[in-house]
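Engineer: Residue numbers (this note's numbering), protein chains in the order written: chain A, 1 to 359; chain B, 1 to 245; chain C, 1 to 502.
Treat each hint with caution, since some may be false.
Unchecked claim - Okay, derived cross-link-like pairs now, DSS-like style, lysine-lysine, Cα gap no bigger than 30 Å in a straight line:
#	chain 1	residue 1	chain 2	residue 2
1	A	226	C	300
2	B	20	B	7
3	B	32	B	49
4	A	21	B	49
5	A	134	C	498
6	A	320	B	32
7	A	130	A	114
8	A	246	C	23
For the record, the hints were derived by calculation from the structure and aren't laboratory data. These figures come from a predicted structure and were not determined experimentally.
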Amino acid sequence: MNHNFQKDIAGCGLTGIISRKKRRLDGSLIKNSLCLMRDRGNGLGAGYAAYGIYPDFEDFYAFHVMYDDRTSRMEMEEHLKDSYDVEKIEEIPTFPVKSIVISPLLVRYFVKPKKGRLVGGISEDDFVVKTVMKVNSEIEGAYVFSSGKNMGVFKGVGNPKEIAEFYRIEEYEGYIWTGHTRFPTNTPGWWGGAHPFTLLDWSIVHNGEISSYGINKRYLEMYGYKLTLLTDTEVAAYLLDLLVRKHGLDIKTACTALAAPFWKDVDRMEDGRREVLTALRLTYASALLNGPFSLLFGHSKGLVGINDRIKLRPLVAATKDDLVYMASEESAIREICSAPDSVWAPRAGEPVVVEVSEE
Amino acid sequence: MYEIDAKGMYYRKLNELVRKAVGDGEKEILLKNVNGQYYIGDGIREKVKIIIEGVPGNDLAAFMDGPTIIVKDNAQDNIGNTMNSGKVVVHGHAGDVLGYGMRGGKLHVLGDVGYRVGIHMKGLKKQIPVIISGGTAGDFLGEYMAGGILILLGLDEKSDRPLVGDYIGTGMHGGSIFIRGDVDKTRCGAEVGVMEPDDKDMKTIRECLKEFCEDFALDLEEIMKKPFKKLVPVSARPYGNLYAY
Amino acid sequence: MFKSLAPPDYLATIDTDKCIRCKRCIQNCGWSVYSWGGDRVLIDTMKCVKCLRCYHYCPVEAIQILDNPVKFKPNAYWSYNNIRNIKKQAETGGMPLTGMGSDLPYPILFDRLLLDACQVTNPSIDPLREPMELRTYLGKKPSKVEVERGEDGELRLKTKMPPQIRLEAPFIFSPMSFGSISLNAQKVLAMAAKECGIIMNTGEGGLHEDLLSYRDHIMVQVASGRFGVNPEYLNAGVAVEIKIGQGAKPGIGGHLPGEKIPLEVAKTRMIPVGTDALSPAPQHDIYSIEDLRQLIYAIKESTNYKPVSVKIATVHNVAAIASGIVRAGADIVYLDGFRGGTGAAPTIIRDHLGIPIEHAVAAVDDRLRQEGIRNEASIVAAGGIRSSADAAKAIALGADAVAIGTAALITMGCTVCGKCYTGNCSWGITTQRPELTARLDPEVYAERLVNLIHAWAHELREILGALGINAVESLRGSRERLRGVGLDDQTLDILGVKPAGR
């Protein structure tokens, strides 16, 4: 009875940085930015996503996995070795933090699907998605919380500072970073419940609540996604995967589907544009993200910020040289960039799309 | 002038120091290196002046009743929430939901303001709250407005942002909005009438802007050259026929 | 005179002291309950159906229609209706007929489901002052859209979109044929549909020429009797519906009694005046699913591919049937639950066949999702939608829109007396008697129906606002926003709904 899950609810703060020149920045910036928004979280969940951190393994999918116990690890690794060429296995380096008494077993794997397992013309990405869905829904006590290439997510129960210290965030260097502090109102004790949520190289941090979660979830299930994490944010990651990777929409167009303009505005557009937006709205009606939200989503080529159609959650953006910042509060940006070139508040439903320049 | 260095300080400590300074009889307090601290000036009833260097956090001047707060930089969301009297001057831009249920006093923002500015603003006889933005505003300007004055100037001719967003004055049932520039009626709430300001209105605008211009060293006459539109509720009960008895 | 052993249901009474002998009751009663006795009004209460027309037109409140206190001895097993029907059948040898939907006390799932609302963690939205979208498009949707960005940065659509029916609110009017209802009643539906930006459905009785000007708001129906079906008719509306069955009489055909077939109806249907119009149960060109496909595409070919709806009664295996209908090419699956109304049906059929619309919508929506074809067709839920709350619940269970029949008739004066099959409707709705139909002024009653749709639309906006969403598609199929009260585990599982408190 998959409808019987209890959905998680949380308030939050979020922040992100991208270097358009793919300059790698260490994790101290994002940590300092996130730690400022102390009152947007309650110490029961924080996390970071970083892109460009595994240059030595850039051709391998980096699986970050949390385990409740050894049995689940054995089961997972058996499954993994069966389907993947495993380049490297290591425990994710952590640093003891006084307040973090219990943590799951955290292991990362650099892997590639075995050629022989890609039957029926299935792409490597699809194969990885299947693995993630299978592990997260079927292997008790194992949870893949990061599965992209040359990127990784670090998250858990604790405040932003504790989680950063625990995962030694400052030792990583990435060209895109996002961070999230969480104010959960139920199920606080699960490390997997913290943001960012990921699939392949998509990572999402989210503030607000997706009131359309019920139908977004059922829509995704029709396309084989298994929503196991009991949180509304998960749908955003999978919707992007579906719309962009599987359906081939560009990111801006996908955002238009997720935060569709109002009919009254569509009705006034000239024919061509109206036709496109109507088709998107009709086709992706069940993908519409409704309710208050601001989202940052990272992917290997860029960072996108977007909020809901009537701007019920905050989002501020700023630029300085090759860097673009986005956060729930301007002060979170100013903490790490005292004199930005420009600062602005994006309009409701209009995405801020930043892409890295290709070398 | 009494100085507090707010660098890295949590809001509770900072606001405790501010309240203590006010209690000690300080009349002018300078807060340096502010960044993101919430609730500055909240609930203070003395006529003190608080100068803020840096970006103050949300809920600045909430329930405030008397002080003048000068922000030399940008400011965030929810400024002047249910403020009763006093004044907030922001030299940069400000965020969403400014002056929620504001009951009196003034909020002067030199730059842009966000969504739902002046929402539920009140006003009674001579206690008339005033919000003035020198820049542009987002959607739902003056939503549910019941009193007071909202003025939007759009001073930056080169701005690529629209002067004002959609759903202007939706639910408005009192007070006046003055916009320096054209207003598209289809972007206004059903209850809003768009009209030319009369002489009395122009006098009110001039009075409000005089102080605004003094705060930011702007040329009043230059601003007054461009015509204003006046938005007021034209139906007291636009939703009367929605209900069956 | 032989007095029936089935006692009258109602006692029509007139207070002779109050009565001013204006005879309005005599003029107004379509059933001839009243007649003039020289100095006072005489009453034949056996004929009374409690439609309350006389009561509303009595200027002095002299009339009372009482429930007959004379009942058979109460028996928890042998109900009044059981005994009464047996007596009637003993007298006539016939099947008791009835109109409207079943009134038996089966569990009403709509009344065991509650909608969600927002508090703190997500905000509710004020639907009066903030945008709130009810617009709904019925029709096949592609599973994905292909676009390309031109050199000017503008998007161009590469996918060819299937035809859609645009509704300004997720309501349509149920099919009710000219014949079963009067032309004036159909005009009310058409005028209101146009005004509200929704659609009405001709039912199977063809399209009277007076309705041609409303063609952008009409769906035409093709049923087994093929009344009034010609190429012009098929192209006269925005879509075509193939009627397989009706919720009130699944597996049973239609039977319009000769009393309801005067010249105009006969002309429109191309049948003789005064004969019974028969629409037998099966469409005799559809004995299997591939035959349905053949008919769907024959209609599409004849209409340059207008959307085709297929209407079925919700029977036990409805999910598999609906899946077959979608795979056969239908753009819309119209599900008519067992509470659905009718102009005439054998009571025994109406009250004992089919399943409720709530189960059916849930099962069909689930099945289409499991098969990955939910986008291939819209689902219309019908059969006992009594309020905007029922509509909201049906939509949350998975319907794209709901169809309204009985509720629309109630705005025209109907009191759900259930005697539609007699052709005597005193309100001028389910009758063809000119002196009765003339009472139903389309202009006047269209306004009332428009009021109802507007009121329900407002209520739906309030519900969406409370749910914190500003588009109806975010409610559609969002069963997370429903909770069951006092429902057993299995029912909850079928509905895909959690119990209240979870």
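Engineer: Please list, smallest to largest, the hint numbers that this structure does not respect.
Structural biologist: Violated: hints 1, 4 and 8.
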